[in-house]
Amino acid sequence: MSDTGAGYEITKRDRLVSHLLQIAPWLSFFLVALPAPLYFLLRYFTTAEEAAVYILLALSALAIGSIAGLVVMIFLMWYRSYWARQMRNKLAVDGVTADELPWFMPELTTAERRALKEMEKENPLLADAYRETLASRVTAARVISTVKRDLLSVERRLNRVGYLRGVDTTALQQELRADRERLERVRIEGLERRAEAEARLHAIEAAVSRGASWTEMNFALQRLSAAREHIPLGLEAAQIEQQSREDVEREMRELEKRTALGDEG
Numbered sequence: 067m068s069d070t071g072a073g074y075e076i077t078k079r080d081r082l083v084s085h086l087l088q089i090a091p092w093l094s095f096f097l098v099a100l101p102a103p104l105y106f107l108l109r110y111f112t113t114a115e116e117a118a119v120y121i122l123l124a125l126s127a128l129a130i131g132s133i134a135g136l137v138v139m140i141f142l143m144w145y146r147s148y149w150a151r152q153m154r155n156k157l158a159v160d161g162v163t164a165d166e167l168p169w170f171m172p173e174l175t176t177a178e179r180r181a182l183k184e185m186e187k188e189n190p191l192l193a194d195a196y197r198e199t200l201a202s203r204v205t206a207a208r209v210i211s212t213v214k215r216d217l218l219s220v221e222r223r224l225n226r227v228g229y230l231r232g233v234d235t236t237a238l239q240q241e242l243r244a245d246r247e248r249l250e251r252v253r254i255e256g257l258e259r260r261a262e263a264e265a266r267l268h269a270i271e272a273a274v275s276r277g278a279s280w281t282e283m284n285f286a287l288q289r290l291s292a293a294r295e296h297i298p299l300g301l302e303a304a305q306i307e308q309q310s311r312e313d314v315e316r317e318m319r320e321l322e323k324r325t326a327l328g329d330e331g
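Counting from 1 along the sequence shown, just add 66 to a position and that's the residue number in the working numbering.
Just so you know, these hints were derived from the structure itself, not from any lab.
Values in this document were obtained by computation on a predicted structure and should not be read as measured data.
Even glycine gets a Cβ: it sits at the ideal position worked out from N, Cα and C.
Keep in mind that a hint or two might mislead.
Distance ranges between label pairs, derived from CB positions [what the hints assert, rightly or not]: (1) L86 / G228: 50 to 60 Å; (2) R180 / D160: 21 to 31 Å; (3) I130 / G228: 56 to 66 Å.
Construct the complete structure from the given sequences, taking the supplied hints into account.
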C-alpha cells in the first residue's frame, strides 16, 4: 500500500499478518484435529497387539481433536475480523484512499464489489475513478457513523447534566450544546459528501453500461452495413443468371424455328 500521509502507513509486517490470518483458521483445524488420530492409526497398522484399542483411541482423538480444532478455528476467525477492523480504523484516521480500498472491502456493498470487479476487467480507467469514488463514499460513511456516536454521547451528557441540582451547569450545558451543533453540521456535511459520492458512483456505472451498449450497437450496425453492401451483389448475380437463362431459351426457340422452316422448304 502507498503512504497515507499523516495517517497510518501499511508495513510489510501488516501484509504478512493479513496473509497468515487468511489461511490460519482453516490450517489450524487440521493441525489440531488430525495429529493424534493419525498417530493412533499408525500404531494400529504397525502393532499387532491391542489393535482394537488403538482404533478406539484414534476415533476418540478424532472427535476430541475436531471439537478443539473447531474452537481454535472460530477464535482465529474472530481475531482476524478484530485485527482487520483495527487496521481499518487506523487507516481511516486521515481518510480512505484508493490504494487502501482493498482493506475496506467488507464495508462495500455486494453490488459495489461486483461492479468494481467488472470494471477492472472491461475498463481499467473507469475502474480507477470508481475506486477513488468508493474511497470517498467509505470515508463519508465512516465520518457519519463516528459523528452519530459522538452525538449520542453528547445527548447523554446533556441529559445527565440536566438532572443535577444545586450546581450551576449553565456554562457546561452551553458547551455541550455547542458541541452538538458542531457535530450536527459535520453530520450534514458528511451526508452531502456521501450523496455526492453515490451520485458519482451511479454516473460511472452508467458510463460503463453506455460504453458496453454503444460497443454492441456499433458492432450490430457494422454487420448491417456489411449485409447491406452484399445484398445488391447477390441480387445482381441472380439477375445476370436469370438473364443468361432467358437468352439461352430465346436462342433455342429461334434455332427450332429455323430448323422447322428448313424442313418445310
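How the hints compare with the structure:
{"no.": "1", "hint": "L86 / G228: 50 to 60 Å", "result": "holds (51 Å)"}
{"no.": "2", "hint": "R180 / D160: 21 to 31 Å", "result": "holds (29 Å)"}
{"no.": "3", "hint": "I130 / G228: 56 to 66 Å", "result": "holds (58 Å)"}
Consistency note: the structure conflicts with none of the earlier hints.
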